[in-house]
Amino acid sequence: MTSLPLMYGAAAAWALTALAVVAGGASRPWIRACCAMSGLGGAAALAGGVSSLLSGDSRVVTAGGSVVVGSLQLQATSLAGVFVALLGLVAVATAAFVPRYHEPSRATGLYLAVYNLALLASLAVLAAGGVVTFLVAWETMALLCYLLILRRPRRDDVAGGAFWFLALSETGFVLIVAAFVILAAKTHSMQLDVIAARAHLVPGAWRDTAFLLALTGFGFKAGLVPLHVWLPAAHPVAPADGSAFLSGLIVKLGVYGIALFAFRLLPEGPAWRGILTMAAGAATAAIGILYALNERDIKRFLAYSTIENIGIIVTAFGAAMTFLAYGQRLLWAFLLLAGLYHVANHGSYKTLLFLEAGVVEHATGTRDMDRLGGLAHRMPRASVITFAGTLGIAALPPFNGFVSEWLIFQGLFQGFRTGSHLVAILIVLAAATLGLTGGLAIYAFVRGYGIPFLGMPRTRQAADASEAGQPVAGPALLAVACAALAVGAPVVLTALARAMRTVTGVALRPVLLPGNLTVIPAHTNFSGFSPTYLTVFLLAVLAVPALIYLAGRPRAGSVIVPVWDGGLVAFKPRMQYSAMTFSAPTRVTFDALYRPEVSVRRASDDPAGRSGPVHYESQASPVFDRYLYRPVICAVEWLADFVRPLQSGDVNLYLFYVFAAVIVAYLLGAL
Amino acid sequence: MPLWFLRGLRRGVVTTRYPARADGSATALPTPPAFRPDALTRELADRLAAVCPSRALARNASVLIFDVGACTACGRCREQAPGAVTASGEFELAATDRAHLVKRIPLLGDETARRSGPTAGQAPAGSQRGQA
Amino acid sequence: MTGETSRGGSVQETAGIQETADELRRSVASQFGRSLHIRTLDTGSCAACEQEIRLLAAPHYDLHRLGFFFTPAPRHADLLMVTGPMIRAFDIAARKTYEAMPGPKLVVATGACALGGVYPSDAFTHGGIGETLPVDVWIPGCPPSPLALLQGLLVAVDRLAGKVRDLSFMRDSLMPDGGHQ
Chain A
21 MTSLPLMYGA
31 AAAWALTALA
41 VVAGGASRPW
51 IRACCAMSGL
61 GGAAALAGGV
71 SSLLSGDSRV
81 VTAGGSVVVG
91 SLQLQATSLA
101 GVFVALLGLV
111 AVATAAFVPR
121 YHEPSRATGL
131 YLAVYNLALL
141 ASLAVLAAGG
151 VVTFLVAWET
161 MALLCYLLIL
171 RRPRRDDVAG
181 GAFWFLALSE
191 TGFVLIVAAF
201 VILAAKTHSM
211 QLDVIAARAH
221 LVPGAWRDTA
231 FLLALTGFGF
241 KAGLVPLHVW
251 LPAAHPVAPA
261 DGSAFLSGLI
271 VKLGVYGIAL
281 FAFRLLPEGP
291 AWRGILTMAA
301 GAATAAIGIL
311 YALNERDIKR
321 FLAYSTIENI
331 GIIVTAFGAA
341 MTFLAYGQRL
351 LWAFLLLAGL
361 YHVANHGSYK
371 TLLFLEAGVV
381 EHATGTRDMD
391 RLGGLAHRMP
401 RASVITFAGT
411 LGIAALPPFN
421 GFVSEWLIFQ
431 GLFQGFRTGS
441 HLVAILIVLA
451 AATLGLTGGL
461 AIYAFVRGYG
471 IPFLGMPRTR
481 QAADASEAGQ
491 PVAGPALLAV
501 ACAALAVGAP
511 VVLTALARAM
521 RTVTGVALRP
531 VLLPGNLTVI
541 PAHTNFSGFS
551 PTYLTVFLLA
561 VLAVPALIYL
571 AGRPRAGSVI
581 VPVWDGGLVA
591 FKPRMQYSAM
601 TFSAPTRVTF
611 DALYRPEVSV
621 RRASDDPAGR
631 SGPVHYESQA
641 SPVFDRYLYR
651 PVICAVEWLA
661 DFVRPLQSGD
671 VNLYLFYVFA
681 AVIVAYLLGA
691 L
Chain B
-3 MPLWFLRGLR
7 RGVVTTRYPA
17 RADGSATALP
27 TPPAFRPDAL
37 TRELADRLAA
47 VCPSRALARN
57 ASVLIFDVGA
67 CTACGRCREQ
77 APGAVTASGE
87 FELAATDRAH
97 LVKRIPLLGD
107 ETARRSGPTA
117 GQAPAGSQRG
127 QA
Chain C
4 MTGETSRGGS
14 VQETAGIQET
24 ADELRRSVAS
34 QFGRSLHIRT
44 LDTGSCAACE
54 QEIRLLAAPH
64 YDLHRLGFFF
74 TPAPRHADLL
84 MVTGPMIRAF
94 DIAARKTYEA
104 MPGPKLVVAT
114 GACALGGVYP
124 SDAFTHGGIG
134 ETLPVDVWIP
144 GCPPSPLALL
154 QGLLVAVDRL
164 AGKVRDLSFM
174 RDSLMPDGGH
184 Q
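Those protein sequence lines, which keep their order, are chains A, B and C.
The working numbering puts the first sequence at residues 21 to 691.
The working numbering puts the second sequence at residues -3 to 128.
The working numbering puts the third sequence at residues 4 to 184.
Mixed in with the good hints there might be a few duds.
[To be verified] Simulated pairs of lysine to any residue, SDA-like, Cα-Cα distance not exceeding 25 Å:
#1 C:99 with A:589
#2 C:99 with A:579
#3 A:592 with A:387
It is worth saying that the hints were derived from the structure and are not from the lab.
Since the structure is predicted, the reported quantities are computational estimates derived from the model, not experimental observations.
Required output: the full structure, derived from the provided sequences and hints.
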């Protein structure tokens, strides 16, 4: 039962840091000290999250409160355990990152205060035991993140990106409030575990409405397509640790919200809820990675990759709900576990990648992949750490991404156990979509790592890059975490299985890990896989030829000759692949999705283009912008124009409103 | 069944057995020239050297230097002096030393070209008597 | 034989070294004679030689039955078959191709252009590959027929002996075919 005290400790540390950094001035040692305290808070949160995974739901702590506003209700739940642990990990990593990344100034001090308060608000969301606490913490977190994105308000696109974040966050918030209000009203309680206990009393139609509102509302935050447009707008313009926080944690809060409604508050329900969620997740994953392949900006690319991974997680959740609707409780718990594992994995490597993107941006001054190249020589530490994150996110065995994706796939492949042909086919379609996504993800990350880090520098900025003075400890810690999540898969699975016992009531551990080292996906006659043995095997397969080579190579030494480049006089950097040409095959294949708008301008009418440059521009059509958001914005503006006469500014009209309101109230009171 | 399959069965194996057996497919192709030393005067040699587009022929004192390697078998020298120059019929000309491809053909010197033995056809065009 | 040579070693030692070198050459040639990978290099030719080289892989001449193969990668090649007069713009590429080939390696100059004919040495071309690459076998012809190419390749790997050294390119006064020119 130590989870809540640890979370209190974390919260106190972060609140103190926020105060201290504002009050104590903006010197480098002071900022370093404050970040150390923030890191301690993160460590406490990490410990608290892990402990709440293992020890089950704590009691609800109620503090203060009033009849009008409600009271502060806190509870450390197993479901939130993974998210709290991830919050702690992200906090520690960014605490190590920030002192070397931001230059010490008053603005940095304010930024750090806002950041620590955002950490606190996120912790409050995860530890909320009551509706009001949840909503207040959620809104606070959103506003603080808005301020985080606005670190450099005068730069291009920062205001736009922050505005999109806030606008969509608020839209989602409205829907979340509606969902919570429905449940609270129908169960006559504001406390989450009471709502969970009484949920079966709520009529089915209200339950489904609440779920749909929650899916959409939290979908705005999580980044489900088509509610995702704030991600590529906000991530590039936020500072590196801000983007890392957004992608590593904040979108996971949206996922937590979906999981809260799907698995804790409203677990029982018709199968179509699960199928809808699964379809939304699969579409998000595919569309996310396809748009990622079209991006030159490293951070936009990573933002779309986040959308893809959220899609994978939500697909797992949706399939879990479908399995429960057909009575497959083992698979229900198993897929929830797999989804949570992927949350932990993605949080680790995406945070790492965003922090390193910040390092690259600082070292070279650009985020454009096509202006980089050869950074592996200039920035060896950064490239090694980024490579560790890339291996994880590309889901290559035996790294951590592979373990969680394997679990999700194995769960999806058992769709036939539902007994319904249609549902089994739908689940297999989702698995096929995830398969496409996985392949495209490898393609995307070969591009995302290879173009900036390998090859030759394409510009002077890349050739002069230096990683002196760049932060290393934060990303390195995350790389270690990724390795721990991979190598320690049995341990992680044991902890998550313990959490599943609390959340779902299903004892998953004996089925999942019968032999301590081999993972069985819920049913024994299906498949099995051992991360440990696979790691050992892969190391052996690589080590044996290496040893043979080392032992048997010619004593006289070898001659080092230039690489055969086809006999070119000089290999120029412009002859390499660029990021956009590397992903050209996707643009050709998925032309119907991108609908590129191409404009070609020639300096003269010479068809052979001999005189003057030719300007070629190609852009994927902003389909969501054009067909969803613009119409909604236009409708809202039309509505606003329509009601403007009501706010004419004429005092007499306002007095009339007051008079009419009094008359109406009197009539209502009298009747 | 395509006709070419049946045609192929009828025709049999077409692959040459070279070098185990001689192959006559190259005999009709142009080959470098062979010279009759007793028909070559210095003047003829100079004319032949001038007409060769590939610089394969040159005269050095009373020797015609013939570079087989530079020869393209165009036949201009043979056209110029059909009696003195004929096709050699040799096509297996690979050499491990460049010098092996440079042949020295002795010229007639100051003597008049003699007709010895039965020779049909007219005298080689442009052959002069007693000219150097 | 005994005596001093210009390098200071005895003639006998030199003969001994020469024997070892010959033996090595024979052993290399015997390896290549069973399996040889050829990389063609066009240093500015008119492509007639290339057409004849291509015919080598056709069913009539079929160089695969002799154990010879074409490869595009110089790193996998044993023999470099060079056509064209070595235009100066190609110097670096030719040098790089040659140096990318691992030893032991052979160079075969193919066609009159590569042997020094047709194009004189001027500002644009060397007029032959002799001064740029170390040539082992020279194959004259314009273009050399596939049989001539086969003979050249077999000479390069010591499966055939060269004939041209003993050819005189001279006829006696008697016309061989009885008189017609």
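ask   = Taking only the CA atoms, is the gap from residue 99 of chain C to residue 589 of chain A under or equal to 25 Å?
value = holds (9 Å)
inquiry  = Against the 25 Å threshold, does the CA-CA distance of residue 99 of chain C and residue 579 of chain A hold or violate the hint?
reply    = Since the Cα atoms of residue 99 of chain C and residue 579 of chain A sit roughly 15 Å apart, the hinted pair holds (cutoff 25 Å).
key: 25 Å Cα cutoff - pair residue 592 of chain A, residue 387 of chain A   = Distance of about 22 Å is within 25 Å: holds.
The earlier numbered hints are all upheld by this structure, with none contradicted.
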